[in-house]
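Asks: The listed protein sequences derive, respectively, from chains A and B. Read the first sequence against my numbering and you will find it ends at 280, with the numbers running on by one and no gaps. Read the second sequence against my numbering and you will find it ends at 1144, with the numbers running on by one and no gaps.
Keep in mind the hints are simulated off the structure, nothing from the lab. Among the hints, a few may not be true.
[Claimed, not checked] Result set (DMTMM-like, lysine to aspartate or glutamate): computed pairs, CA atoms no more than 25 Å apart in a straight line: (1) A/104 / B/1123; (2) B/1026 / B/1082; (3) A/113 / B/1021; (4) B/1120 / B/1099; (5) A/104 / B/1117.
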Amino acid sequence: MSKEITKRKQDELKLRLDECNAALRILHESLFSVFNLWKEANEDLKQNIAERKHAEEERERLLKELEAKNEELERFVYTVSHDLRSPLVTIQGFVGLLKKDVGQKEVEKVESDLKQIEKAVVKMDRLLSDTLKFSRVGRVVNPPEDVPFGYLVQEALDQTAAKIKSSGVEISLAADFPAVLVDRTRIVEVLVNLIENSINYMGEQSCPKIDIGYRIDGDSSEPVFFVGDNGIGIDQDQHEKVFNLFYQVKKKTKEAGTGVGLTIVKRIIEVHGGSV
Amino acid sequence: MKGKVVILLVEDEEAHAMLIMRVLEDAQVAKVIHWVADGGEALDYLFRRGEYVDEGKSPRPDLILLDLRLPKIDGLEVLKEIKQSEELRGIPVVILTTSESETDMARAYHQYVNSYLVKPVDFTKFNEMISDLGFYWLVWNRQPGRMKE
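I would like the entire structure built from these sequences, with the hints used as guidance.
Replies: Listed below in structure tokens is the structure:
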């Protein structure tokens, strides 16, 4: 009799245990799926944060770029308004003096007044056309081409041939050049500007030379192209400034540029993601 | 005591320098006008360096007319050096520029400029301004060590 009871009790316990186990299994399964859901949500969140961070960084970058552009524009407007007004002051001034000198019949002074006015008008015209040239640099972009750098050098030399000949500059080129992926027209323009710059600022050099080549600096795999000369050179403290619009290290007595050439060079190179 | 009134004109634009000198001469206020074309030369003159070592070549100016945008050393930098020098800071410095920029004006006054003038395009005004400027600083204005002429 008591055995019977024990057996029944045992069965009952076993059943309860099975039930417990089943419940545990269900619990385990649902916990597992909750865990999975949580893990998924967490991944999503992580990705979301990463995306947001990326977007924020992108926004930061664009803001910085915009600020730099704004600053550049401000500088540009400042330079242009300042530099363009200068010949106007000259013209008006000498017209004023001219009236006086004509009244007093000072023929020599009249002639020199007229010369000053003429020079100022020519300067104004050159400033305007250079300003236009400069403003085109960032806007007009040609698709990049894969060309041997040597072709570009040759094109630039062709364009400056007359100037090279009349100045008697000796040009020496590197034996070979690597190929580059660039806006061809613009880079030729850069080279032309640099070559002309070298010729204009040759100074009293008895055997003027221009050296066009490239080198590979130390561990960097990027070639560095250069246009070197044995002219007057630029003092160290002027190196940054020469790239400013209309800036000239020294006023020359002879006819030359307005100081826009190197600014254009810098701009083109920057548009290409390089540096000078 | 010296008798001659000396102006140091720092101006990179030759034509402007000629204009200013003629107006000042016509107004008969300055006896001697020294014209230098860049900031480096202006400082050489004032601090008697380089080709200006000889005192006879670089008499102390009674007035400095200074353009802002100058080759080599910028006008504001020249101004700063003048006003930082115990020796030179007493000399009146007048900025004479085509720049109407507020930033330039603020910077110049921050460096203790004595006056800031914008070159007028109109010549009648230009004439008036330059001769007024000469009269104000060299005739009406009194400085120690200079006799009234």
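Asks: So, for every hint listed, does it hold in this structure?
Replies: Each hint, compared with the structure:
no. : hint            : verdict
1   : A/104 / B/1123  : 15 Å, holds
2   : B/1026 / B/1082 : 23 Å, holds
3   : A/113 / B/1021  : 14 Å, holds
4   : B/1120 / B/1099 : 22 Å, holds
5   : A/104 / B/1117  : 15 Å, holds
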